[in-house]
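Asker: Chain by chain, the residues:
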Amino acid sequence: MSSEKAIAVQINGIGRELSAPANETLLDCLRRHGFFEVKSGCEKGDCGACAVQIDGEPVDSCLTLAWTVEGRSVTTLEGLNDTDNPHPLIAAFLEHGAVQCGYCTPGIMIAAEALLRETPEPSDDDIAIALSGNLCRCTGYTKIFAAIKQAGEVLRAGGNDD
Amino acid sequence: MLRDFELDMPADLQETLACLPGGTPLAGGTNLLVDLRARRESAERLVWLGNIDAFRDIKIEDGQAAIGGGTTVGDILRHPGMERAAPALVDCARVFGGQMVRNQATLAGNVCSGSPAADSVPPLLSLDAELCLASATQVRTIALDDFYTGFKKNRRSPDELVTGISWPVPGPNTANRFYKLARRKGDAITVVGVAVTVTRDGNTCTDARIALGAVAPTVFRAKEAEALIIGETLTEERVDEAAQKAKELSDPIDDLRASADYRRDMVQVLTRRLLNQAWQSLGEKEAGR
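So the protein lines, in turn, are chains A and B. The first sequence: position 83 = 83 (the numbering used here), numbered continuously. The second sequence: position 207 = 207 (the numbering used here), numbered continuously.
These aren't lab readings, by the way, just hints derived from the structure by calculation. The C-beta atom is built at its ideal place from N, Cα and C for all residues, glycine as well. It is possible that part of the hints are untrue.
Facing chain A, from chain B, some residues (calculated, C-beta under 8 Å) [claimed, not checked]:
no.: 1; residue: E6
no.: 2; residue: P10
no.: 3; residue: G29
no.: 4; residue: R37
no.: 5; residue: W48
no.: 6; residue: G50
no.: 7; residue: A54
no.: 8; residue: M100
no.: 9; residue: N103
no.: 10; residue: Q104
no.: 11; residue: R183
no.: 12; residue: I189
no.: 13; residue: A227
no.: 14; residue: T233
Calculated lysine-lysine pairs in the BS3-like style (CA-CA distance at most 27 Å, straight line) [what the hints assert, rightly or not]:
no.: 15; chain 1: B; residue 1: K153; chain 2: B; residue 2: K223
no.: 16; chain 1: A; residue 1: K44; chain 2: B; residue 2: K153
no.: 17; chain 1: A; residue 1: K44; chain 2: B; residue 2: K152
no.: 18; chain 1: B; residue 1: K223; chain 2: B; residue 2: K152
no.: 19; chain 1: A; residue 1: K143; chain 2: B; residue 2: K185
no.: 20; chain 1: B; residue 1: K185; chain 2: B; residue 2: K152
no.: 21; chain 1: B; residue 1: K185; chain 2: A; residue 2: K149
no.: 22; chain 1: A; residue 1: K44; chain 2: B; residue 2: K185
no.: 23; chain 1: A; residue 1: K5; chain 2: A; residue 2: K44
Covered stretches of chain A, going by a simulated chain B footprint (3 or more residues, C-beta under 8 Å) [to be verified]:
no.: 24; stretch: 1–11
no.: 25; stretch: 26–37
no.: 26; stretch: 128–142
Work out the full structure, taking the sequences as your base and the hints as a guide.
Answerer: Printed below as a string of structure tokens:
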């Protein structure tokens with residue numbers, strides 16, 4: 001049996017203690033503790049459904065061991081969905097219909113949020129490079145690209161447009 | 001669930017090196033965790049490298065670039081000096097895995113995985129990189145060109161860690177390029193990867209390196225092809241000869257991504273294309289002075 005311990009971690013800005021065995025991935029650990037917005041897809045780093053940010057950098061939680069985020073800050077989709085101040089990506093995805101089954105959406109928003117922080121006015125190429133680790137099998141990406149560009153416009157204009 | 005293993009979390013480099021005999025280094029985990037899950041890997045003790053101080057530092061000074069053993073592919077993309085210090089490596093970083101994998105995967109890990117399709121290796125070979133290896137008892141450097149001994153085999157001993165990678169920054173008369181041929185740009189395993197370095201003095205190529213990925217048991221330098229262009233003017237004929245030689249030196253396999261014949265042909269096409277682009281870009285620079 002692998003050893004088990006409790007790790008202290010900030011999740012979406014709130015300090016938590018999560019118990020985890022040494023061989024548990026962050027993906028499994030988060031879902032076991034109720035963070036169901038983190039999705040399990042390929043479990044080998046291809047699809048991006050499990051993406052979360054660690055200290056602001058998107059990573060695949062299926063390829064991250066839970067113990068290795070001790071003392072760090074983890075952001076899941078819910079971290080972008082502050083009820084008072086939702087991230088403009090959320091309204092833009094709704095408006096453009098950039099969601100069909102929705103399974104890839106949490107990971108795409110996590111990847112797109114990091115893109116918009118570094119590149120507020122991304123080109124199609126910038127978006128394609130940023131999303132190359134996120135597979136969507138429903139939408140064909142067109143609406144996702146449009147939504148990300150619109151969210152960028154909203155952010156550049158200084159925040160939410162509602 | 002992954003199979004059972006223990007996870008050491010040493011606090012610094014010294015502790016890490018003390019853990020390594022009998023432990024498997026865990027950096028980004030983008031190969032190791034996939035292999036553990038697929039039961040291709042059976043390590044019983046992993047050693048997490050994420051706590052080593054300054055392990056992701058990048059230094060570019062005095063004509064030399066040096067990155068720490070924990071530098072990720074994403075770090076390469078975000079560093080403003082890399083565009084000049086390692087053009088081929090930046091070309092590679094853009095099409096390496098996806099954004100999340102780039103933020104996790106380390107260059108040292110990619111080099112040590114030893115896959116013939118490891119995308120950072122042709123650029124690093126084209127830059128004449130060397131590796132710094134440390135164990136609890138010694139530190140040594142080894143040329144990347146001398147590192148591989150066979151398919152997924154290299155000269156790192158189990159108690160050693162790659163603590164850094166360094167290379168000379170290409171001068172203004174040197175062009176350095178990489179092209180990855182794959183079914184899509186990112187998130188795909190390479191069919192053929194080619195990196196070239198060309199140094200031009202007037203109408204003479206004074207130095208050249210050609211590194212080929214995914215077309216032999218290891219990534220390798222096509223030195224006989226390099227020899228055909230060093231000291232020459234890169235006319236269409238010279239470039240064709242070098243590209244033909246690179247093709248002959250390739251020894252690829254058939255697999256689900258491409259046939260061996262296709263790979264050989266693409267080595268020729270891409271070597272020719274990259275040499276021409278490199279040579280011409282330097283010509284334009286000369287004319288523009």
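Asker: Provide an ascending list of the numbers of those earlier hints which the structure does not satisfy.
Answerer: Hints 2, 7, 11, 12, 13, 14 and 25 not satisfied by this model.
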